[in-house]
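2 protein chains.
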Amino acid sequence: MIYAVIMAGGQGTRLWPQSRERKPKQLWEILNGKSMLQDTVDRVFPLIPLHQILIITAEPFYEQIRDQLPQLPVRNLILEPMGRSTAPCVGLAALYINQPDACMVVLASDHVIRDQEEFRRLLQIAIDMALQGENLVTFGIKPQEPETGFGYIRRGAEIKPEVYKVRQFTEKPDYPTAQRFLASGEYYWNSGMFVWKVSTLMTMIERYLPDLSQGLMQIKPAIGSPDEQRVITEVFAKLKSVSIDYGIMEKADATYVVPGDFGWNDVGSWAAMPEVWGVNPEGNTCQGTIMTLDSHGNIVYTSDGLTALIGVENLIVVKVQDTVLVCAKDQAQKVRELVDQLKAQGLTEYL
Amino acid sequence: MIYAVIMAGGQGTRLWPQSRERKPKQLWEILNGKSMLQDTVDRVFPLIPLHQILIITAEPFYEQIRDQLPQLPVRNLILEPMGRSTAPCVGLAALYINQPDACMVVLASDHVIRDQEEFRRLLQIAIDMALQGENLVTFGIKPQEPETGFGYIRRGAEIKPEVYKVRQFTEKPDYPTAQRFLASGEYYWNSGMFVWKVSTLMTMIERYLPDLSQGLMQIKPAIGSPDEQRVITEVFAKLKSVSIDYGIMEKADATYVVPGDFGWNDVGSWAAMPEVWGVNPEGNTCQGTIMTLDSHGNIVYTSDGLTALIGVENLIVVKVQDTVLVCAKDQAQKVRELVDQLKAQGLTEYL
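Quick mapping for you: the protein sequence lines, in order, are chains X and S.
Here this note's numbering is used: the first residue of the first sequence is 19, the next is one more, and so on.
Here this note's numbering is used: the first residue of the second sequence is 19, the next is one more, and so on.
Please keep in mind that the hints were generated in silico from the structure rather than gathered at the bench.
Don't take every hint at face value.
One copy or two, either will do: identical chains are not told apart, so a pair holds if it fits within one copy or between any two.
[Unchecked claim] Heads up, simulated SDA-like pairs for lysine to any residue below, C-alpha to C-alpha not over 20 Å straight-line:
hint: 1; residue 1: Lys361; residue 2: Thr307
hint: 2; residue 1: Lys178; residue 2: Asn116
hint: 3; residue 1: Lys178; residue 2: Ala362
hint: 4; residue 1: Lys352; residue 2: Glu331
hint: 5; residue 1: Lys160; residue 2: Gln134
hint: 6; residue 1: Lys361; residue 2: Gly323
hint: 7; residue 1: Lys256; residue 2: Pro64
hint: 8; residue 1: Lys347; residue 2: Gly315
hint: 9; residue 1: Lys352; residue 2: Glu300
hint: 10; residue 1: Lys361; residue 2: Asp322
hint: 11; residue 1: Lys178; residue 2: Gln29
hint: 12; residue 1: Lys352; residue 2: Tyr114
hint: 13; residue 1: Lys256; residue 2: Met100
hint: 14; residue 1: Lys183; residue 2: Glu252
hint: 15; residue 1: Lys52; residue 2: Gly296
hint: 16; residue 1: Lys361; residue 2: Asp348
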């Protein structure tokens, strides 16, 4: 049995003002009217039937996800009472699967993958590797540039075709280090997608995250009972936030990487949109009703109404309903800082 | 008797998207909730009573002007059936005044004047000069920079304190010429404000614009009759567009200029807004709910909602309802071109 676990509780702050507290990035209909969450489901569906696809999300997004995925069995939409990063999230999903020998494919809900066929081909290889033993398998993305926003995975020996032993997981590097990683050819971007057996995950959580393991053991008997949500909330409230990467992958031995080159994009900021939406002959990336005059290299999105540009270059210009963002293209990461300032100033209606 | 004639039929295309076909520049509440038209009335009111203030405008603006100036006698709001530039507009107003010895102060409705006291002091000097004979008096603005967007007036001899004979009216100069004008100290910007007796204007129209004179003679007997609007429309339809400057001032002999330094600003484009609204310590001019991060030298206006800037310089960013303009500050003149393109593409809902 193969299960997909799609994590859909994040915010995507750097895509403000499109991504909002009530309508986060993964639910934005970015791809010709389809959201990245819907696309993630469609991507694995040919390999994994719908009743084996679980989505973990937060309460504010529940109804929107039901609307976007009406065919998903109700029971497959799991609520996290609060964000505690990826390890508790995935541990909770494992309890719902409740089959030690089942294979779990852990996916983000807010990434774009262009070559779906190739993704599924490599997913099958990762699944085979995960089922072969107590293996933790991850996808490594061939880096295109010295990106400092991702963790990197250094590969070791090739174990079998297209599967490498992981030599090292690294945190987000500084720029010179990222350049060195890129030049070496031995490093991949950590895409945050994982494959393993439920039993493997539970063993690793027991070994490396005993607090989480104990918490999950408290939750387990409550699943399906009237106390389910209450117990999960109580346990999660006491858990520390810990990621799979930091909590397990960096510590475990049997970690493997399947290098992938399938047009992956984490849509981490507005600067990612040219890759998603394409670039027109004037060098602009435009979605919505947009007029440009003597303007080049811009990324322009308008959810409604009209946006007009005159004589400007390398800007991000976003209009979503009553909110406008104008940002230098090379400062797309600072959108998070701006959102923090909005919060600090109590401008909550724009969050 | 002194009459003010305020011309309020223009469009102000370069202030798009604030200035629209249905809500032009002069009706925009730019000055702490007051429009430039209201401000123009308030400016002359201490000198000229309300029943001697005439406003000439176009039909689409009629109701809005009544709303902005409820105290104005209905009869003082004159409709031009179509725009034919300033000479026919002013000629029509003269018919409504219908007192040869009355003094006419012709004003634009879409300029800002900061020092109203000084303006009125000089206005009184201009009125005295106009009443002294068959004189055409204009205000010349001391140039601040080699502006190429205005006509210039070269002064001749000082006739009496603060009144000069006009040596020459010039069309909009090229940049080197404008620099030379500025350096000479003999040139003023043509502000488009005029003072003369009704009889003087009529004589000049008869002399230099016989077609217009004939047209006005056709209209004259219809004023006050049920045929009034029909006759005006018929006559205006046949008239050529001609400005006061080109049609009369450049040709007449008895032209005088009163130099003025009263904080005049024609608000000709968004680039004028720092002078109207001021500049904050970060070097930005902001009106509306605006957040800036590492951004300097920008002009930002948002009619509603929020506009946020990150890491940008010397931009004009305007959000009016569902329309956004982002324009390099030194290309503010191209807004007109953009509006033409919107027209050409049939995007009429944004005009």
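Consistency of the hints with the structure:
1. For the homomeric pair lysine 361 and threonine 307, the shortest alpha-carbon distance between copies (14 Å) is at most 20 Å, but the shortest distance inside one copy (30 Å) is not.
2. In the homo-oligomer, the alpha carbons of lysine 178 and asparagine 116 never lie at most 20 Å apart, since the shortest distance is 30 Å inside one protomer and 101 Å across protomers.
3. Proximity of lysine 178 and alanine 362 under a CA criterion of 20 Å is satisfied in neither setting, with 52 Å inside one chain copy and 62 Å between copies.
4. Proximity of lysine 352 to glutamate 331 under the C-alpha cut-off of 20 Å is found in both arrangements, the shortest distances being 18 Å within a copy and 16 Å between copies.
5. In this assembly of identical chains, lysine 160 and glutamine 134 lie within 20 Å of each other by CA distance solely inside one copy; the values are 16 Å within and 68 Å between copies.
6. Proximity of lysine 361 to glycine 323 under the C-alpha cut-off of 20 Å is restricted to the inter-copy arrangement: shortest distance 16 Å between copies versus 27 Å within a copy.
7. Taking CA atoms no more than 20 Å apart as the test, lysine 256 paired with proline 64 passes in neither setting, with 38 Å inside one copy and 73 Å between copies.
8. Proximity of lysine 347 to glycine 315 under the C-alpha cut-off of 20 Å is found in both arrangements, the shortest distances being 9 Å within a copy and 18 Å between copies.
9. Taking the shortest alpha-carbon separations for lysine 352 and glutamate 300, only the inter-copy value of 18 Å comes in at or below 20 Å, while the best intra-copy value is 26 Å.
10. In this assembly of identical chains, lysine 361 and aspartate 322 lie within 20 Å of each other by CA distance solely across copies; the values are 19 Å between and 25 Å within a copy.
11. In this assembly of identical chains, lysine 178 and glutamine 29 lie within 20 Å of each other by CA distance neither inside one copy nor across copies; the values are 37 Å within and 73 Å between.
12. Proximity of lysine 352 to tyrosine 114 under the C-alpha cut-off of 20 Å is found in neither arrangement, the shortest distances being 38 Å within a copy and 61 Å between copies.
13. In this homomeric assembly, lysine 256 and methionine 100 come within 20 Å of each other (Cα to Cα) only inside a single copy, at 11 Å, whereas the closest approach across copies is 74 Å.
14. In this assembly of identical chains, lysine 183 and glutamate 252 lie within 20 Å of each other by CA distance neither inside one copy nor across copies; the values are 38 Å within and 89 Å between.
15. In this homomeric assembly, lysine 52 and glycine 296 come within 20 Å of each other (Cα to Cα) only inside a single copy, at 16 Å, whereas the closest approach across copies is 45 Å.
16. In this assembly of identical chains, lysine 361 and aspartate 348 lie within 20 Å of each other by CA distance neither inside one copy nor across copies; the values are 23 Å within and 34 Å between.
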